[in-house]
Amino acid sequence: MTTLTPVLSANWDRADSFTLEGYRATGGYQALRTALGMAPDTLVDLVKASGLRGRGGAGFPTGMKWGFLPKDNPNPRYLVVNADESEPGTCKDVPLLLANPHVLVEGVIISAYAIRSSQAFIYVRGEVLHVIRRLRHAVEEARAAGLIGTDILGSGFDLDVVVHAGAGAYICGEETALLDSLEGYRGQPRLKPPFPAVAGLYASPTVVNNVESIASVPAIVANGAEWFTAMGTEKSAGFGFFSLSGHVTRPGQYEAPLGITLRELLDMAGGIRAGHRLKFWTPGGSSTPIFTEEHLDTPLDFESVGAAGSMLGTRALQIFDETTCVVRAVGRWIEFYAHESCGKCTPCREGNYWMVQVLDRLEHGQGTEADLDKLLDICDNLLGRSFCALGDGAASPVMSSIKHFRQEYIDHVAQGGCPFDHRKSTVWADRAPAGAQAGEEER
Amino acid sequence: MSTTFPEDVRARLEVDAKEIIGRYPRQRSALLPLLHLVQAEEGYVSAAGIRFCADQLGLTTAEVTAVATFYTMYKRRPTGDYHVGVCTNTLCAVMGGDEIFAALKEHLGVGNDEATEDGRVSVEHIECNAACDFAPVVMVNWEFFDNQTPESARRLVDDLRLGKDVRPTRGPDRLCTWKEASRILAGFGDGRGTEGVQAGGPSLEGLRLARERGWAAPDPAATRTAPAEGDGDEGSAK
Ligand SMILES: Cc1cc2nc3c(=O)[nH]c(=O)nc-3n(C[C@H](O)[C@H](O)[C@H](O)COP(=O)(O)O)c2cc1C
Ligand code: SF4
Ligand code: FES
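So the protein lines, in turn, are chains V and Z. With full-length UniProt numbering, you'll find the first sequence wraps up at 443, consecutive numbering, no jumps. With full-length UniProt numbering, you'll find the second sequence wraps up at 238, consecutive numbering, no jumps.
No wet-lab data here; the hints were simulated from the structure. A portion of the hints provided could be inaccurate.
In silico lysine to any residue, SDA-like type, Cα no more than 20 Å apart, as pairs [stated by the list, open to error]:
# : chain 1 : residue 1 : chain 2 : residue 2
1 : Z       : K75       : V       : D430
2 : Z       : K18       : V       : E183
3 : Z       : K164      : Z       : R174
Keep in mind it's a predicted model, so treat the numbers as computed, not measured.
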């Protein structure tokens, strides 16, 4: 049986977990001392040996990415942390930054030292004001303690860290769109190659990593690569947040080794809410093809989820029970993709627009069976043909839902409307009827 | 309507703008924070605000407008002092966000992205705000109001209109206004980063269970290959 392995969340039940003092009381910033005593390249090798793979969705090996920085480029190098967290269902970086911003700050200092960068940026989505306050507070505390600035801990290493607030655009989570946004432009993806490692921020060598990836670095430095690989699977090493949301008894953050299953996680989270059963779920956010109960025992690691036809993504496990209409769920996600499409390429800009129209008429019983082929046809033009992964992501819920729930789409057509009562899906649906609470309301 | 700020406003904002620009290796990177700054002044990004940003960075107003219109957080007309965002992305919508959004529009008599006549409260539906484990989620001036119901949301906007003190579930001790929030986004702190809880209920579920069952990550001493293994004294208390 797999058990939980709180590392990044291990101090979250301390009221002062977000302060420098609270972080230090649980061993914080000791890894930084160790790291500054090592050669930068040794640190890169350590992260390579740990097998750490990007926690922002794509799972690219972190150490290998760092190793791609060209040795002979005279331009300054930049470290950019992706804290844009906007993929529907993804809700791990925000609680991490609220409760333990210093673990990211320590990770930033170590990682910047490892890649020989003296300027780091943390790009935070703008819609989380208190996260921005907390993070800035942590950076200021670290600066006042001499952990950021010049000659850090007497090592001769200099680093400046800027917390930069975004302004509302999912696409700015895509790393090259993020860089354009950070340069003060509309956030639209760039053609790759060149990859950011070669020509990133201001066309200089740049590493872009997710919050959780960088926050995992201090523990690897402190405890060693073998410690990290003792968790997880051979190709998906270590631990990560599994974020359960929706129709579960105890939604929340569960930090566990990669390779844990939804069955195990549901068991820990008290199961599907009382009196209901699992219908469908996303393994890693709305851009990953949906799963059903037949995937309850699929190990949640990069390889196994891929082999089962989806993607591990951000481990955003959105759980829906039998009261949920899959057509409505997918329609809402596609409205999101249509709204967030940056408009740069035709398949995504036009495809999502039309999918919204088709899904809307299907949901309201005005569609036809031929609409399903139309949707699959549009997805065909999206998948692999759009400029960035946002377009590919939009095809995922549509194609996978038609694969698993074709009959439900047809039922909408046959009945001329939605067969579900949406009220039954709400969190308050199973609570005591309104009458029982009347006394309280009148108070 | 004037397309430039009055002289005193411009002079005051120029000091802030200098500070913002100074944070970046290249000045154009300051554009997003500058747009937050002008939004903090007027509550939205006006023609005067665009002009100001363009002047600070040596850009044309067309270049600044192209950026400002790309990002949904910049408003082109005034919002309420308290801007309420109801998450209606799939997870929250299913859990009751749709009902909450409908209830608020009806209760306030406004449409999407409209403000009440007194200018106190505006409502819009928003996308996933990275708080799905607290669904259904409502944001006010980008602070978290977790686990809402139609009743709690109606009470919330009533309190906002009456000027009562309102506390986010994971945020500072009291709400700031829309303009004050925009100023924080521009990079000027209000000294309240240490207020509020470190973590809300769902954030702690996994940790609570791990403590209860005695689960933890492996002991590093036991995973190191170099020193002798199996020696019980290895795992010295940290
Ligand atoms: C549309 C889109 C949105 C994305 N949003 C995020 C995000 O919010 N946070 C993130 O870390 N990565 C996001 N990514 C992935 C990034 O492009 C990139 O792979 C990642 O930041 C690299 O960091 P990692 O290797 O540490 O995972 C997104 C990708 C796409 C295509
Ligand atoms: S796929 Fe969509 S988001 Fe990506 S570049 Fe094309 S239009 Fe923009
Ligand atoms: S879907 Fe509402 S916060 Fe994620």
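So, going through the hints one by one against the coordinates:
1. Straight-line distance between C-alpha atoms of K75(Z) and D430(V) comes to about 39 Å, which puts the hinted pair past the 20 Å bound.
2. With a C-alpha separation of about 17 Å, the suggested pairing of K18(Z) with E183(V) holds against the 20 Å cut-off.
3. Taken as a hint, the K164(Z) and R174(Z) pair is honoured in the structure, with Cα atoms around 10 Å apart against an allowance of 20 Å.
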